Structure formats: C-alpha cells, structure tokens
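Protein chains in written order, with numbering that gives the first Met the number 0: chain F, 0 to 222; chain Z, 0 to 689.
Derived from the structure by calculation, the hints contain no laboratory data.
Be aware that a few hints might be false.
[Stated by the list, open to error] From the structure, some residues in chain F lie toward chain Z, with a derived Cβ separation under 10 Å:
hint	residue
1	Val65
2	Glu67
3	Gln105
4	Gly106
5	His109
6	Asp110
7	Asn114
8	Asp133
9	Met156
10	Thr160
11	Pro186
12	Thr188
13	Thr191
Keep in mind that this is a model prediction, so the values were computed, not measured.
Backbone N, C-alpha and C define an ideal beta-carbon position, used for all residues, glycine too.
For reference, the chains in residue letters:
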Amino acid sequence: MGTEERRQELLKALKEGVVEYEEDQVEEAAKAVVEEGFNAYDAVMNGLAAGMEVVGDLYDKQEYFVPELLMCADALYVGLDILKPHISLEDLGDKPKGQVVIGTIQGDVHDIGKNIIKMMFDVAGFTVHDLGRDVPLEKFVEEQLRTDSEIVALSAMMTTTMMGMKKVVEMIKEKNPNVAIMLGGAPVTKETADLFGADGYAESAGNAVQEAIKMITRLREMQ
Amino acid sequence: MNQDEKARIIFQPSGRRGQVHKGLTVTEASRQLGVDIESLCGEKKVCGKCKIRIEEGFFEKFGITSSKDHASPWQKEEEKFINEEQRAAGYRLGCCAKVEADLLIFVPEESRAGKQVVSKAARDIQIQWNPAVKVYYVEVVPPTFENPLGDLERILDELNREYGLKDLDIDYFALQKLPMRLRDNNRWKLTVAVWNDKEIIRVLPGKVEAYYGMAIDVGTTTVAGYLCNLATMEVIDTVSMMNPQCKYGEDVMSRITYHMMHEDGLRKMSADMIEGLNTLLAKACEATHPPKEKKRGKDEQEADIVPEAAEALEEEEKTCLHLNPNDIVDMTIVGNTAMHHILLQLNPEFVGLAPFPPVIHKGLDIKARDLGLHTNQSSYVHVLPNEAGFVGADNVGVLISEEPYKKDEIQLIIDIGTNGELVLGNKDKLISSSCATGPALEGAQLSYGMRAAPGAIERIKIDPETHEVDYKVIGRDAWKQYSKPEEMKTKGICGSGILDVLAELYRSGVLLKSGKFNPEQKSSRYRKNANNDQPEFVIAWANETSIGQDVVITQKDIRQIQLAKGALYCGCKLMMRRMGIDKVDKVKIAGAFGTHVDREKALIMGLFPDCDVEKIISVGNAAGDGARAALLNREKRVEANWVARNVEYIELTVEKDFEKQFMQAMHIPHMKDKFPHLKDLVPEEVLNQK
Numbered sequence: 000m001g002t003e004e005r006r007q008e009l010l011k012a013l014k015e016g017v018v019e020y021e022e023d024q025v026e027e028a029a030k031a032v033v034e035e036g037f038n039a040y041d042a043v044m045n046g047l048a049a050g051m052e053v054v055g056d057l058y059d060k061q062e063y064f065v066p067e068l069l070m071c072a073d074a075l076y077v078g079l080d081i082l083k084p085h086i087s088l089e090d091l092g093d094k095p096k097g098q099v100v101i102g103t104i105q106g107d108v109h110d111i112g113k114n115i116i117k118m119m120f121d122v123a124g125f126t127v128h129d130l131g132r133d134v135p136l137e138k139f140v141e142e143q144l145r146t147d148s149e150i151v152a153l154s155a156m157m158t159t160t161m162m163g164m165k166k167v168v169e170m171i172k173e174k175n176p177n178v179a180i181m182l183g184g185a186p187v188t189k190e191t192a193d194l195f196g197a198d199g200y201a202e203s204a205g206n207a208v209q210e211a212i213k214m215i216t217r218l219r220e221m222q
Numbered sequence: 000m001n002q003d004e005k006a007r008i009i010f011q012p013s014g015r016r017g018q019v020h021k022g023l024t025v026t027e028a029s030r031q032l033g034v035d036i037e038s039l040c041g042e043k044k045v046c047g048k049c050k051i052r053i054e055e056g057f058f059e060k061f062g063i064t065s066s067k068d069h070a071s072p073w074q075k076e077e078e079k080f081i082n083e084e085q086r087a088a089g090y091r092l093g094c095c096a097k098v099e100a101d102l103l104i105f106v107p108e109e110s111r112a113g114k115q116v117v118s119k120a121a122r123d124i125q126i127q128w129n130p131a132v133k134v135y136y137v138e139v140v141p142p143t144f145e146n147p148l149g150d151l152e153r154i155l156d157e158l159n160r161e162y163g164l165k166d167l168d169i170d171y172f173a174l175q176k177l178p179m180r181l182r183d184n185n186r187w188k189l190t191v192a193v194w195n196d197k198e199i200i201r202v203l204p205g206k207v208e209a210y211y212g213m214a215i216d217v218g219t220t221t222v223a224g225y226l227c228n229l230a231t232m233e234v235i236d237t238v239s240m241m242n243p244q245c246k247y248g249e250d251v252m253s254r255i256t257y258h259m260m261h262e263d264g265l266r267k268m269s270a271d272m273i274e275g276l277n278t279l280l281a282k283a284c285e286a287t288h289p290p291k292e293k294k295r296g297k298d299e300q301e302a303d304i305v306p307e308a309a310e311a312l313e314e315e316e317k318t319c320l321h322l323n324p325n326d327i328v329d330m331t332i333v334g335n336t337a338m339h340h341i342l343l344q345l346n347p348e349f350v351g352l353a354p355f356p357p358v359i360h361k362g363l364d365i366k367a368r369d370l371g372l373h374t375n376q377s378s379y380v381h382v383l384p385n386e387a388g389f390v391g392a393d394n395v396g397v398l399i400s401e402e403p404y405k406k407d408e409i410q411l412i413i414d415i416g417t418n419g420e421l422v423l424g425n426k427d428k429l430i431s432s433s434c435a436t437g438p439a440l441e442g443a444q445l446s447y448g449m450r451a452a453p454g455a456i457e458r459i460k461i462d463p464e465t466h467e468v469d470y471k472v473i474g475r476d477a478w479k480q481y482s483k484p485e486e487m488k489t490k491g492i493c494g495s496g497i498l499d500v501l502a503e504l505y506r507s508g509v510l511l512k513s514g515k516f517n518p519e520q521k522s523s524r525y526r527k528n529a530n531n532d533q534p535e536f537v538i539a540w541a542n543e544t545s546i547g548q549d550v551v552i553t554q555k556d557i558r559q560i561q562l563a564k565g566a567l568y569c570g571c572k573l574m575m576r577r578m579g580i581d582k583v584d585k586v587k588i589a590g591a592f593g594t595h596v597d598r599e600k601a602l603i604m605g606l607f608p609d610c611d612v613e614k615i616i617s618v619g620n621a622a623g624d625g626a627r628a629a630l631l632n633r634e635k636r637v638e639a640n641w642v643a644r645n646v647e648y649i650e651l652t653v654e655k656d657f658e659k660q661f662m663q664a665m666h667i668p669h670m671k672d673k674f675p676h677l678k679d680l681v682p683e684e685v686l687n688q689k
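Kindly generate the complete structure, drawing on both the sequences and the hints.
Shown next as structure tokens:
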C-alpha cells in the first residue's frame, strides 16, 4: 500500500498529464496506481477528471481550442483504459451513475463534438451507449428502451439535420416521459432546445464540455 | 421602457450584429454596429434615403424573433417616402424607427452608404467562339402568285439553302413577330437568332450583327453577372449584388432549413432571387445607355472615399449600346447545388441530409419566361450541371474554366466561399470535395468582420520587433503609416484582410502556432476585454475609425478563422492522400476574393499544405468565368455534363482519421506538417516553435 504522499504525487501526475496532453506521463502514472495498489476510482475522479476540469476552464477562457481539447482527450483515454478495469463495484456502490444513449442524428456525419461529450460521460462513470453518427431517428428510441438509459444526448452539426431532433424528442417522450434529453451541436440554440421540448442544452462543443464538466464536478462533490 | 436594456439587432445583407440600447433609432444602431445607412438630411426625417425593411418572424439561424412591433410606432414623416404597400412589407425610415426589441433589418442596396467593391471581375480566359445562340442574316424573295409560300417556310428554306440549317422550330412568340418584321420597310431582310441549331428565338428586321447574352454566378453571398456580346465575346459589363436570400440565413444550410420550416419558403426564396436577377439584368442594360443626370447628393457625399473619377472616365468610353433586357437572348447560370435547387424551386431538403444527393446532375435548358426572367421572351436559360450535393454547378464552372482535366500537371483548386470546394487531379483522374468553412473567411461572424466596402481593412502588416500594426483600407491608397489617423475612416476587416491578419499575427509572434496569444507581448495592443475578460488585439485604434471604437480581433475570432482554414487544409491533405501524392504542381485559389489573396499570406496561415510560393496562383472568380465560357461556347456545356459526372466526389468527414487531421490542421500553419517553403518568409524561431 502506498502512502498518502505517493497518492497525491500520482494524482498530480495524472491531472497534469491530461492538462498538458502528455500521454506517456498519464500512462506511467496510471500504471503506477494499479501496480502500487491505489484506488483506481479515486485516480479517475481526482486525477483524470480533475485534469479535464482544468482543461474545460482553459477552453472557456479560449486558451485551449479544439485541437488541444482533443489531445487532452487522447491522454485521458490512455489513463482511463488502464484504470477502468480496476474500478471495483464497491467504489461505484451508491455513487451516482447512469446510462446515456448518445449519437449524431440522421443525415449528419459530423461527430467531433459528440465524441467529446461521450468522453465526458465516460469520465463521469456513466455507461455510454454510443450509436455513432448518421443514426436513424427510431434507433435512439429503441436503444433507450433497450438499455433503460436515463439520458439521451443528441448531436447535430447542421441546421438541416437539427430538425430531426424534434421528432426524436417527441418519439422518446411519448414512450417514456421521464428520460432527460440533451441537445447539442453548432446550430442548436437555447430557443430551439426549448422549442423542441428538450430538457438540457449545450451551446456548442465547448459549452457542452462545460456542462459535462459541471456534471462531473457535481458528481465529485456528491461522493 | 428601460433605456438601459439592450436588444439584439442583425443587419442584412452585411450580417453585422450586436446588442444596442433600446430607444436608439435604427440609423443610430447601424452606426454602432458599423453598418452604413444613407442619411443625406442628417436624420431630420426629410430625405427619405434611409429606407430599411424590418423582417417578420422567427429566424432559427440567429435565434431571434423580429417584428414590426419591435420598433417604435409609425411616424407621419414616413408617409411621404413609404407607400402603403411598402409599409405593409415592413419598410420604415431608419431615422424614425426606434429599437424596442430584437430586430432583423434588411438594408436595401439604395440605402447603403458604402457600395461594395466588386471583386468578381471578369478575367481573360481563352474561350472558343461557338455560342448556343447564333444569328443568321437572310434575304428572301417576296411571295408571288407563283410562289405564295408562308413566311416561316420561306425563311426556313433560305436558312437551309444558305446555312444548311434543317428542321428548325420557331418559338411561338417569335413567330407572332415574324410577319411584320419580315415586311419592315418592305425589305424582306431578316436577322434570325437560332438556339442550338434547333429553334428560332428571335427575328429582327435587317442586318444586325451584335447580340447579347448574360452569364450569372449565383453565390451564397454575392451574385455576379457578366453581360457579353455574343458575336465578339467581349464582356460589356460586370454587375453584382448581394444575394437577396441572405436574410433567410448566411449559409446554404440555413436557407435549406428556412424551406423546411416555412411552407412557402422555397417559393419565396426563389422569387427573391428571380427578382434580384431581373434587377441585375436591368442594371447591366441601364449602364449601356448614356448616363442620366447625376443622382443628387449621393455622388458628392462619397467623392472623398471612392475614386469615382476613374470610373466616370470608363463610363464615357463605353459605347452607348442602348440595350434593354429584351436584347439578351441567352443566359447561363452557375451556383452551388443549394442555390441551383432553390432558384429552380427543386426541393433542396435532401441536399442537406447525408448522403446529400442532388435532385439532378445534368445541365438544364429552361425557357427564361418559365422562370420569370425578363430576358428575351423566347430565349432559354442554361443552368449548368451539379457534381454532388455539396459541389454544384459553380464548381463545374471552375472546372470548365480551369480545365485541369486537360493537363498533365496535378492541380489543386481551392474555391473559397461560404462553402469551400476543392478539386484535385489532372487528365487521368479528378476528385472533388467540399468543406464547411463557414462565412468567417468572408468577414462575416467576426467581431469586426465586414464585406469588401470602403473602410474595410484589406491588407495588414505587423512589425515583429514592436508589434505595431500598419494597414490599408479599401477606398484609400495610402497605408496608415502615411496617413493621419482621421483619414483612415476604418470600419472593420474584410475577407482578404482576414487572411492577412492570421498570417501576420503568427509571423510577428503575437500569436503562437496553437492560435493562442503569445504570453510575451510587445505592445499595448494586446489586452483583456474589460467586459468579458477575453484576450483581444487592437488592429485600429478608435481615432482611426469612423465607428468611434477600436477595431480588434478577439481570441474567439481567431478560433473561427482557425476552424475555417483547418477545414480547407484538412480537405486538401486528405484528398492528396487519396490520390497517393504528397505534393501538387499547382495550387489555384478561386473565389470572390480570389484575386485579392496574397499568396504568401495564404501559405503562411496554412490554407493548404506546403508548396513553392511560385506555384500558387489566384484565379479570381473562376465559377463566373466558367458560366461565361458556357455562354460563349456551347461545347463547354457538353464538357460540363461530362466533367460533372466524371469527377469523383469524396465525402471527407467520413474518412477514418478526419477528426485528427482536422484538429492538426487548425494550428498555424499546421501542428505537425513541415513547411520548408516558409523558411525565408517566417522567422526561424516562429516557424520551429514547439
């Protein structure tokens, strides 16, 4: 068992590794966490996720942009892949978690934004059902019913495909009014999200990151 | 009403937007946002020059609801200038209507103070003379009892005998005019205009040698028209206007959405375009008449910014042809697939949904009267073919004007517009692609972006030692360093200035390659905006502007430009990879401001992969040139149909590492790719920064 001092050191390495998009550093630290018997869930939440919080902040200040964000995501996934298998069920126990169905809507093949959001959910400990891009409208409804997910997150990059979101919202709400539906993507505005009857809205990839970061922060606070 | 409250205002077609205090007049608001509305009387409500139109409805694109009720009540003074019909359509005087809530305002051409600089000028290109419409002169023997043959058959016989034209039809309306024109002055001599060796579309008495056609390029933002003499191939005039559909949204997607959201949307947008084209036709013809008395006031007012003298001189040298739209006997149209579909009222919905199939590929011949176009009643309009949903007839225009399919050398052709179109290849293989650049490269959606009009910054230099800025605005020849601040009258930055900005900020070390501002700044031009804490860089200080505020480029603006240029670069690179090549023989930059692009700057900012500066060529509005080629040479129409179906369209966003490529291409000039040709253009420490 490692010491508290060592724990802090590794968390710092993970966090900084994500912020500075140093994949090697993250890999090394994540392996050390596993080898030295530290708590993997702690490492994800207080190392990797804490790093992404800083990244979100930098993005908000326009200091980081999409390329940096994606590089941070790569670093994060390196750590996540190593740590995830070692997260014990007890750790998750009564902690908030959930399931999300996510996808880019039919007619739309842009999925950078969706992938970023997906990552945020991954980090937050959600089980993510990624339907990919150009997803037929009915598929969202089917997948939600099949998995009984609490959240459905829809993404659209083009105004033309955005219109399909309205139908999905209607279709899902009809089958299951308790599902929370989030909309995101460049053309989506707060007004359209309200108009379409969605529960949540993210202005852009960046804003969605903020939303997701807030969610992670809330989750972390609730631990 | 609380005067501290703000309302959102969007001006079309310039796209300038922002928040203004409620209670300001529209004219006052326009000034704050850098839009110029005519005001000859100084807002005393007496000249009526500041007519604007308030658009009705909810506009998804901007997320605002605009209504006539969002402006202060109608005033008596307005009656003098705005009739009932116009009033119902939302017209107001800018100096009377006060802002009370969100507004989308259209500023008609005649109310705009700064006229757009036409950059869609015609270029010299080699075209073989073989127009679809040709004229033939015939003399016939008057009918006698021995030979009482009908008028039409009489001239058909003659056309057959003299020119070998067989089985000609005649348009019904042309036929109606035939008997009297044939007997004009009892001459029995006619000039007959024949379309595609098939159909007579015009008969004129006597011998007429000159006849005319118009080539039109319908851009998402700008529409250009070339009035040509079909006999001599001479370009008589180039006319242009803003696309009247801009009010429905700036990009093709928002136009398509407008159609999907509004039952009558497609017809309305089409009607606006037809009306616009008719105005353009009339404008081109008007210019062939001797100048009427000078328009009052307007010219004097602009005299200090626009070099009108030179234009006036050209005006006089023009022979007065006294044309009217009826003299236009042929027309060709190019435009992207969405513009094509909307113009023809073909449902554009599916062009906006993957996998983006167009309704039709092949070129179309349509009677002008069926479209409602006021060219000659019997004439046709030829609409060029589409390649794919996102690569339309405009790109076909580029292809038939540049003819990369006839060359050995591998060309990369970049058509910069609201939607970027790319073509790569040579005579063996051609591929095309499109990428969503957005309007950032054209100046829209940036804090101080504007169209190319007087007062727009078009060239910028930044001193790497001091970070001091020197720049040039449209309408003034002297750079800032040779001018007094108040002489500059700067308003914003236009497309070519935007390419310059990114390249110069990077080269001088103000920006890092990631697009982030360098922590080591050398001037007070860099600052954090007091309102939102965002970093920004001052290009022009308030005392150099006519809008009374600093013209800045913000970190967010830079991000917008990076997205656009990243999309283009990534597109070029993925296409080159598809072709299995790592360099090209020639890079051609086309587009509305193609002629203004500084090729060094384009290379520095990383618009496309590294290449020798000497191999970069600006080809101007190649799409419009293609329309002209198809107008003057019917073989080009055949060629267009062939090339439209023989270019392989590639959807880039589904390439497996698109995301990674796009991301890396957002850096200046690129995150990883080497740029050996920038060695002498960019300081080594800048070029090789980590």
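Tested hints:
{"no.": "1", "hint": "Val65", "verdict": "holds, 6 Å"}
{"no.": "2", "hint": "Glu67", "verdict": "holds, 7 Å"}
{"no.": "3", "hint": "Gln105", "verdict": "holds, 7 Å"}
{"no.": "4", "hint": "Gly106", "verdict": "holds, 3 Å"}
{"no.": "5", "hint": "His109", "verdict": "holds, 6 Å"}
{"no.": "6", "hint": "Asp110", "verdict": "holds, 8 Å"}
{"no.": "7", "hint": "Asn114", "verdict": "holds, 7 Å"}
{"no.": "8", "hint": "Asp133", "verdict": "holds, 5 Å"}
{"no.": "9", "hint": "Met156", "verdict": "holds, 8 Å"}
{"no.": "10", "hint": "Thr160", "verdict": "holds, 6 Å"}
{"no.": "11", "hint": "Pro186", "verdict": "holds, 7 Å"}
{"no.": "12", "hint": "Thr188", "verdict": "holds, 4 Å"}
{"no.": "13", "hint": "Thr191", "verdict": "holds, 7 Å"}
Checked against the numbered hints listed earlier, the structure breaks none of them; every hint is satisfied.
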